[in-house]
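2 protein chains.
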Amino acid sequence: MYIEKVNSPQDIKELNINELNVLADEIRTGVLNRVSIHGGHVGPNLGFTEATVAMHYVFDAPRDKFVFDVSHQVYPHKMLTGRKDGFLKVDDMNAISGYSSPRENSEYDLFEVGHTSTSVALASGLQAARDLLGEKYNIVVVLGDGSLSGGEAFEGLNVAAEAGTNFIVLFNDNGMSIAENHGGMYKSLASLRESNGESSNNIFRALGFDYMYVEAGNDIEKLVEAFRKVKDIDHPIVVHLHTEKGHGYQPAVKDKEAWHWSVPFDLKTGKPKVTGSGESFTDLLGQYLVKKAELDDKLLVVQSAVPAMSGLSKERREALGKHYVDVGIAEEEAVALISGAAKAGAHPVWGTPATFMQRTYDQLCQDLAVNGNPAVINVLGASIYGMNDFTHICFFDIPMFSHIPNLVYLAPTTWEEFIAMEDWAIAQDKFSVALRVPCAVVHSDEDYPTDYSQLNKFQVTHRGSKVAVIAAGGFYQKGEAVLKLLADEGINATLINPRYLTGVDEQLLDELKRDHQLIATLEDGSLDGGFGERIARYYGPTDMKVLNFGVKKALYDRYDVNDLLRDNHLTETQIVADIKTVLA
Amino acid sequence: MYIEKVNSPQDIKELNINELNVLADEIRTGVLNRVSIHGGHVGPNLGFTEATVAMHYVFDAPRDKFVFDVSHQVYPHKMLTGRKDGFLKVDDMNAISGYSSPRENSEYDLFEVGHTSTSVALASGLQAARDLLGEKYNIVVVLGDGSLSGGEAFEGLNVAAEAGTNFIVLFNDNGMSIAENHGGMYKSLASLRESNGESSNNIFRALGFDYMYVEAGNDIEKLVEAFRKVKDIDHPIVVHLHTEKGHGYQPAVKDKEAWHWSVPFDLKTGKPKVTGSGESFTDLLGQYLVKKAELDDKLLVVQSAVPAMSGLSKERREALGKHYVDVGIAEEEAVALISGAAKAGAHPVWGTPATFMQRTYDQLCQDLAVNGNPAVINVLGASIYGMNDFTHICFFDIPMFSHIPNLVYLAPTTWEEFIAMEDWAIAQDKFSVALRVPCAVVHSDEDYPTDYSQLNKFQVTHRGSKVAVIAAGGFYQKGEAVLKLLADEGINATLINPRYLTGVDEQLLDELKRDHQLIATLEDGSLDGGFGERIARYYGPTDMKVLNFGVKKALYDRYDVNDLLRDNHLTETQIVADIKTVLA
Numbered sequence: 001m002y003i004e005k006v007n008s009p010q011d012i013k014e015l016n017i018n019e020l021n022v023l024a025d026e027i028r029t030g031v032l033n034r035v036s037i038h039g040g041h042v043g044p045n046l047g048f049t050e051a052t053v054a055m056h057y058v059f060d061a062p063r064d065k066f067v068f069d070v071s072h073q074v075y076p077h078k079m080l081t082g083r084k085d086g087f088l089k090v091d092d093m094n095a096i097s098g099y100s101s102p103r104e105n106s107e108y109d110l111f112e113v114g115h116t117s118t119s120v121a122l123a124s125g126l127q128a129a130r131d132l133l134g135e136k137y138n139i140v141v142v143l144g145d146g147s148l149s150g151g152e153a154f155e156g157l158n159v160a161a162e163a164g165t166n167f168i169v170l171f172n173d174n175g176m177s178i179a180e181n182h183g184g185m186y187k188s189l190a191s192l193r194e195s196n197g198e199s200s201n202n203i204f205r206a207l208g209f210d211y212m213y214v215e216a217g218n219d220i221e222k223l224v225e226a227f228r229k230v231k232d233i234d235h236p237i238v239v240h241l242h243t244e245k246g247h248g249y250q251p252a253v254k255d256k257e258a259w260h261w262s263v264p265f266d267l268k269t270g271k272p273k274v275t276g277s278g279e280s281f282t283d284l285l286g287q288y289l290v291k292k293a294e295l296d297d298k299l300l301v302v303q304s305a306v307p308a309m310s311g312l313s314k315e316r317r318e319a320l321g322k323h324y325v326d327v328g329i330a331e332e333e334a335v336a337l338i339s340g341a342a343k344a345g346a347h348p349v350w351g352t353p354a355t356f357m358q359r360t361y362d363q364l365c366q367d368l369a370v371n372g373n374p375a376v377i378n379v380l381g382a383s384i385y386g387m388n389d390f391t392h393i394c395f396f397d398i399p400m401f402s403h404i405p406n407l408v409y410l411a412p413t414t415w416e417e418f419i420a421m422e423d424w425a426i427a428q429d430k431f432s433v434a435l436r437v438p439c440a441v442v443h444s445d446e447d448y449p450t451d452y453s454q455l456n457k458f459q460v461t462h463r464g465s466k467v468a469v470i471a472a473g474g475f476y477q478k479g480e481a482v483l484k485l486l487a488d489e490g491i492n493a494t495l496i497n498p499r500y501l502t503g504v505d506e507q508l509l510d511e512l513k514r515d516h517q518l519i520a521t522l523e524d525g526s527l528d529g530g531f532g533e534r535i536a537r538y539y540g541p542t543d544m545k546v547l548n549f550g551v552k553k554a555l556y557d558r559y560d561v562n563d564l565l566r567d568n569h570l571t572e573t574q575i576v577a578d579i580k581t582v583l584a
Numbered sequence: 001m002y003i004e005k006v007n008s009p010q011d012i013k014e015l016n017i018n019e020l021n022v023l024a025d026e027i028r029t030g031v032l033n034r035v036s037i038h039g040g041h042v043g044p045n046l047g048f049t050e051a052t053v054a055m056h057y058v059f060d061a062p063r064d065k066f067v068f069d070v071s072h073q074v075y076p077h078k079m080l081t082g083r084k085d086g087f088l089k090v091d092d093m094n095a096i097s098g099y100s101s102p103r104e105n106s107e108y109d110l111f112e113v114g115h116t117s118t119s120v121a122l123a124s125g126l127q128a129a130r131d132l133l134g135e136k137y138n139i140v141v142v143l144g145d146g147s148l149s150g151g152e153a154f155e156g157l158n159v160a161a162e163a164g165t166n167f168i169v170l171f172n173d174n175g176m177s178i179a180e181n182h183g184g185m186y187k188s189l190a191s192l193r194e195s196n197g198e199s200s201n202n203i204f205r206a207l208g209f210d211y212m213y214v215e216a217g218n219d220i221e222k223l224v225e226a227f228r229k230v231k232d233i234d235h236p237i238v239v240h241l242h243t244e245k246g247h248g249y250q251p252a253v254k255d256k257e258a259w260h261w262s263v264p265f266d267l268k269t270g271k272p273k274v275t276g277s278g279e280s281f282t283d284l285l286g287q288y289l290v291k292k293a294e295l296d297d298k299l300l301v302v303q304s305a306v307p308a309m310s311g312l313s314k315e316r317r318e319a320l321g322k323h324y325v326d327v328g329i330a331e332e333e334a335v336a337l338i339s340g341a342a343k344a345g346a347h348p349v350w351g352t353p354a355t356f357m358q359r360t361y362d363q364l365c366q367d368l369a370v371n372g373n374p375a376v377i378n379v380l381g382a383s384i385y386g387m388n389d390f391t392h393i394c395f396f397d398i399p400m401f402s403h404i405p406n407l408v409y410l411a412p413t414t415w416e417e418f419i420a421m422e423d424w425a426i427a428q429d430k431f432s433v434a435l436r437v438p439c440a441v442v443h444s445d446e447d448y449p450t451d452y453s454q455l456n457k458f459q460v461t462h463r464g465s466k467v468a469v470i471a472a473g474g475f476y477q478k479g480e481a482v483l484k485l486l487a488d489e490g491i492n493a494t495l496i497n498p499r500y501l502t503g504v505d506e507q508l509l510d511e512l513k514r515d516h517q518l519i520a521t522l523e524d525g526s527l528d529g530g531f532g533e534r535i536a537r538y539y540g541p542t543d544m545k546v547l548n549f550g551v552k553k554a555l556y557d558r559y560d561v562n563d564l565l566r567d568n569h570l571t572e573t574q575i576v577a578d579i580k581t582v583l584a
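Sequence order for the protein chains is A and B.
So in UniProt numbering, the last one in the first sequence is 584, and the numbering has no gaps at all.
So in UniProt numbering, the last one in the second sequence is 584, and the numbering has no gaps at all.
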């Protein structure tokens, strides 16, 4: 065994090709060990194992600098840079994240990364500094073909090319994004693969890069040979590697989409260790969209990759047929597209996790809201119960969405309320509407309104006095629980479902002044720039006291959600205690 | 004269080529008439006059749909679609905007536009809807070569190509952005121009488009011939037009950069009618950066096009030499680049108007702040006194920047305070720092601190009681004026310069409770998600009253700033009146 002796890339420099092949197999075994026990990205890491070994063998990190796009293929790199125990030993797995992390190892990991299409742009900064300071080292950037659809990748390539100095992009082409690739350029990339790099439609050359093609992207000997050719090169070059996603684990090769990422699974059978029980919002959403397309001929379901996150399995995508378009990893394009499609008479609906929507701030303002085109956006995972990796935090959406003029942001509290709002949003033609889709499935038999065009009208669901609890979206049930505890304390509080996150119900807020002393706002998201803050501003010049409950502004990573609730006084008991303290 | 009889594109269909040429000259005269009297974009409109005439002559708007990128070249189009008086008659000029505007004419203008690189993406939505609904019309998209550096343009091209149906991109290549072009692909574009479209490095073909080159982009006959070839085409094609920016007005041809946009000027001499008097912040900033580069070998001044907006004339850019890099119109890239450059030891500084920074929300969060890399961002024009076109509003920056974890957003109140903060920000290595650069130049001989690393410490500049005015950045002088008026009313108020927009000085805010009843916050920007709202949240559960002054959330366009101040109770007299009402 070689891997157990590897504490840094130095430890592999003396191996020969046969030994490197054995090492690669051991790394692959370590990857599978971790993901089967801990869950994580499977196909990307298996597909890039040999290339990573060759990178560390030929180049000299940490002097030479590596930047990984998305960084979900970074497991072999971590194993070679002092973190193998996070893959070999069960007890060490939690300490190691699934992404590039300077906090873990600042020598070999240059940036915290998690979003797509950023590697070249970040590395162009390394290049600019290196050249300005007159230093000398290789900059090696890993970019997958799925990431190339993202605009930031193009911007980076364009700038790195013009700088004209050493800059080596390893283009990891496995013919896949998370699902299939989308975009006109993928035909050109296929031609390059089929012509062994000779075809004339070479987007990299067109952008100003030199270019080399390596067909055997999982062959260490060929990779080492190629990397030796470009080491210390004096200009920008793309080394186009044809790799196989999932290489070395048959289930992952056979179903590339399913094995992009996995929950813990049985290595022998490939079956998940725990099957999800009960309903998932994602799955209900996918069903809903397919049914909607049968009833609404103008429905256009738009994805920016990650179709599974909207419950859109391959079967459902096929069922949607012409009603489905995937723009690839290109969220900015998705927002502009739905604006244009709404303008031209279709009923577009786009959904993706809130964290990826961060790319679209300007498009939301400029392409969509300023025009008020009636498109619908499903903001997914926006909750403390959503993804909690450092670079995938989803609960800063309200600060981002709710202050954009002319955008309506709705917060449904149950599945049925979501359907009522979504149906209205799709059918109406006056507003640009986003919906904050709850993470948990809660059902209700309440008779929800079918029309939400009277903006910013909150709904009083229980009329009491003294204290009013305004509980938005996924925290509405928490508001109900708080009301019960207050009742136990002899306080018959008012409960309000605000429904709208983009404005206040001034008439209602004024009415509440008559017989309430305190307003408590609950939101499953950032306090800073949040929904509650606006309520506090409204009551600022009055005698009304306002208590805002939500999450403090900070950097979060792989938190325990119960700890997070407690730290932010978000348990029902804490909320009631704080309310009583203010009332006293 | 033909133009005076043109009320819609129908009115030019019967003209012959000679008559179209006369019409084009008349349009050019109209453009020059407007810009010399009213100001506006010069070079872009003069360069695209013939192409616009040919577009309306060959295609059949409004059934055929035109989308203009940025839309600063839209003046000839407006003249041909019922709005010629906005160019020919002085009294009608204010009613017509400088950009595409459905509110003005919804038949021929499909979107409100103002930012770059959006046209193809928006049009890809028209394409998706048209194809879904089984409709038939030409989609004609104007995209300039300067805009091609923007990621959203690539995302749009990629998606439109895959859709594979009628989609005609008129690529307006005049070899210029606002200033010179930047990026590796521009070499390929130059090769295409030099080889009459034959060179093999064809980025459009690589993205999946068909392609045609037209060298004589200002020759109506050639343009009409080319457009006739592609009319009703059944697949996506790029028609690459070589045009001359400023064509037809010698000063604009001679100095393309200066004549991109102009204040009112004398047509005969080309000289501005009013010369700016006094200092401009922009000019001081440019001087500062050049001087800084002489002292700091690691300084890297980054621009995303628009160098003039940071006071970086051609001479100053040459003086900066290796300390200057322009990434082209690619703001996302700029943020990632400065993060990478800071990581690798340079001292990067990037500046651009706040409205364009909207593109970088995710990069600010993910590429920069999550890493805490010590880069410096100058947020320009963030004020109600900044640009006020519909799509160039700059005062929604505080909601955007101030809630991002791990980003420090400073608000200097004078030129000297800006320098003190900027010097610190550039030299330090712990924080990602943005500075809200004031629009007006106010000088002070105050001895400002040199260290701002103790975050969120506000500064009390006058200690009083009863009322505290917290006046941020460019509204600090307004705070001083309010204090005087309050003193006249017998109230010795406290004045506070908060300096930090990203957090609150909890210790100070608690102290103020002892002898103050009311806190008034003043900010030159959006109330919604603003600085004052966070102060209101802090005092929510207490007896302290809070009055937030700022601008209401709404869509704004070419407002009179004095009307805006009054509508928002932002005059000093109104502020004092509101304070007294609450105190009563």
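Think of the hints as simulated: they come from the structure by calculation, not from any bench.
Incorrect hints may have been included.
Put simply, identical chains are the same to the list, so a pair is met inside one copy or across any two.
With a straight-line cut-off of 27 Å between C-alpha atoms, the simulated DSSO-like cross-links for lysine-lysine are [stated by the list, open to error]:
hint: 1; residue 1: K430; residue 2: K552
hint: 2; residue 1: K292; residue 2: K430
hint: 3; residue 1: K273; residue 2: K254
hint: 4; residue 1: K430; residue 2: K268
hint: 5; residue 1: K268; residue 2: K291
hint: 6; residue 1: K513; residue 2: K466
hint: 7; residue 1: K254; residue 2: K484
hint: 8; residue 1: K187; residue 2: K136
hint: 9; residue 1: K430; residue 2: K273
hint: 10; residue 1: K322; residue 2: K231
hint: 11; residue 1: K229; residue 2: K314
hint: 12; residue 1: K13; residue 2: K136
hint: 13; residue 1: K314; residue 2: K268
hint: 14; residue 1: K580; residue 2: K513
hint: 15; residue 1: K430; residue 2: K136
hint: 16; residue 1: K552; residue 2: K273
hint: 17; residue 1: K229; residue 2: K254
hint: 18; residue 1: K291; residue 2: K322
hint: 19; residue 1: K187; residue 2: K222
hint: 20; residue 1: K136; residue 2: K322
hint: 21; residue 1: K136; residue 2: K298
hint: 22; residue 1: K136; residue 2: K292
hint: 23; residue 1: K187; residue 2: K231
Worksheet entry | Violating hint indices (sorted, rising) | 4, 5, 7, 9, 11, 16, 17
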